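Asks: All chains, please: the whole structure from these sequences, using the hints.
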Amino acid sequence: MKACVLYSGGKDSSLMAVMLKKLGFDVDLCTANFGLYDSFHPAKLSAKSLEFNHKVLELDFEVLNKATDMIMENNFPNDGIKLIHNEVVEYAADYYPVVADGTRRDDKTPKLDKNQIRSLEDRKNIQYINLDSFGYKTIKTLVSSIFEVSKEKSNKENSSDYEVEIRLLIEEKGKSSEDIFPEHYQTRVIGYK
Numbered sequence: 020m021k022a023c024v025l026y027s028g029g030k031d032s033s034l035m036a037v038m039l040k041k042l043g044f045d046v047d048l049c050t051a052n053f054g055l056y057d058s059f060h061p062a063k064l065s066a067k068s069l070e071f072n073h074k075v076l077e078l079d080f081e082v083l084n085k086a087t088d089m090i091m092e093n094n095f096p097n098d099g100i101k102l103i104h105n106e107v108v109e110y111a112a113d114y115y116p117v118v119a120d121g122t123r124r125d126d127k128t129p130k131l132d133k134n135q136i137r138s139l140e141d142r143k144n145i146q147y148i149n150l151d152s153f154g155y156k157t158i159k160t161l162v163s164s165i166f167e168v169s170k171e172k173s174n175k176e177n178s179s180d181y182e183v184e185i186r187l188l189i190e191e192k193g194k195s196s197e198d199i200f201p202e203h204y205q206t207r208v209i210g211y212k
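The sequence shown begins at 20 in my numbering and counts up by one.
FYI, nobody ran anything at the bench for these hints, they're computed from the structure.
This structure is a prediction, so every number in the text was calculated from the model and none was measured.
Careful: at least some of the hints might be erroneous.
As the list claims (entries may be wrong) - What follows is a list of derived Cβ distance ranges for each label pair: (1) Y114 x K192: 26 to 32 Å; (2) N144 x S169: 34 to 40 Å; (3) D57 x K133: 32 to 38 Å; (4) E197 x N144: 39 to 45 Å; (5) K192 x K40: 36 to 42 Å; (6) E167 x K41: 31 to 37 Å; (7) T128 x E190: 31 to 37 Å.
As the list claims (entries may be wrong) - Result set (DSS-like, lysine-lysine): computed pairs, CA atoms no more than 25 Å apart in a straight line: (8) K133 x K101; (9) K67 x K85; (10) K192 x K74; (11) K74 x K101; (12) K41 x K175; (13) K21 x K130; (14) K130 x K63; (15) K156 x K172; (16) K172 x K63; (17) K130 x K172; (18) K74 x K175; (19) K175 x K194; (20) K192 x K172; (21) K74 x K143; (22) K159 x K67; (23) K159 x K40; (24) K172 x K212; (25) K41 x K159; (26) K130 x K101; (27) K40 x K21; (28) K143 x K21; (29) K130 x K159; (30) K85 x K175; (31) K40 x K85; (32) K133 x K143.
Ideal Cβ placement from N, Cα and C applies to all residues, glycine included.
Replies: This is the structure in structure tokens:
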């Protein structure tokens, strides 16, 4: 069965992809893009290093614009990132019978709650899979035995998550993204051990 794993190139979504492949799914690693910047390249490199097919999901710029306005108004990213993630999951569900992501138990955002998952599965007649029963420590243990991972200060050259295009649009709108997003480090899978 065909499965889409929403893919940033990070350890969580990579783990989900490997698990699904091992279970016999035909997996595409899919990175969302809104046309502002080709932020999918780091994820494409990670997918290639793991020998997975990579696809870019081209979503409407207005989704990014609406989420960015929300983030700027709130001066906090969670609600806007959640909006984007919901739109990306809905989009993927139109093309794949199985949609998965690397969200885990201790993630705050982006994350679908149980009611959203039930609604999605019922409305779109799909299966949705995440890592909700896994916590950070478990992911770290599993990942350390499977993947080689790089860790760098997050920037547009090494990240393929939603934040890249959001940051760029915030800057285009005349505000500093540093005021909203704290400095952090990005992990990216660069191959198998």
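Asks: Next, verify each hint and record whether it holds.
Replies: Hint-by-hint comparison with the structure:
1. Y114 x K192: 26 to 32 Å: 31 Å Cβ-Cβ, so the 26 to 32 Å window holds.
2. N144 x S169: 34 to 40 Å: holds (38 Å)
3. D57 x K133: 32 to 38 Å: Given range 32 to 38 Å: holds, Cβ gap about 35 Å.
4. E197 x N144: 39 to 45 Å: Holds - the Cβ-Cβ distance for E197 and N144, about 43 Å, lies within 39 to 45 Å.
5. K192 x K40: 36 to 42 Å: holds (40 Å)
6. E167 x K41: 31 to 37 Å: Given about 19 Å between the Cβ atoms, the range is violated.
7. T128 x E190: 31 to 37 Å: Between T128 and E190, where Cβ atoms are some 21 Å apart, the hint is violated.
8. K133 x K101: holds (14 Å)
9. K67 x K85: violated (32 Å)
10. K192 x K74: violated (29 Å)
11. K74 x K101: holds (21 Å)
12. K41 x K175: Since the Cα atoms of K41 and K175 sit roughly 31 Å apart, the hinted pair is violated (cutoff 25 Å).
13. K21 x K130: Holds, at roughly 22 Å.
14. K130 x K63: holds (23 Å)
15. K156 x K172: It holds: about 21 Å lies between the C-alpha atoms, which stays within 25 Å.
16. K172 x K63: Roughly 19 Å between the alpha carbons, so the hint for K172 and K63 holds.
17. K130 x K172: Cα-Cα ~24 Å, so holds.
18. K74 x K175: Holds, at roughly 19 Å.
19. K175 x K194: Distance ~17 Å between K175 and K194 Cα, so the pair holds.
20. K192 x K172: holds (24 Å)
21. K74 x K143: holds (21 Å)
22. K159 x K67: Roughly 22 Å separates the two Cα atoms, so the pair holds.
23. K159 x K40: Cα-Cα ~20 Å, so holds.
24. K172 x K212: Between K172 and K212 the Cα gap is close to 23 Å, so the pair holds against 25 Å.
25. K41 x K159: This hinted pair holds, its Cα atoms lying about 19 Å apart.
26. K130 x K101: holds (7 Å)
27. K40 x K21: holds (10 Å)
28. K143 x K21: holds (15 Å)
29. K130 x K159: Given that 25 Å is the threshold and the Cα spacing comes to 19 Å, the pair holds.
30. K85 x K175: holds (21 Å)
31. K40 x K85: violated (35 Å)
32. K133 x K143: holds (15 Å)
Comparing the model with each earlier hint shows violations of hints 6, 7, 9, 10, 12, 31; every other hint is respected.
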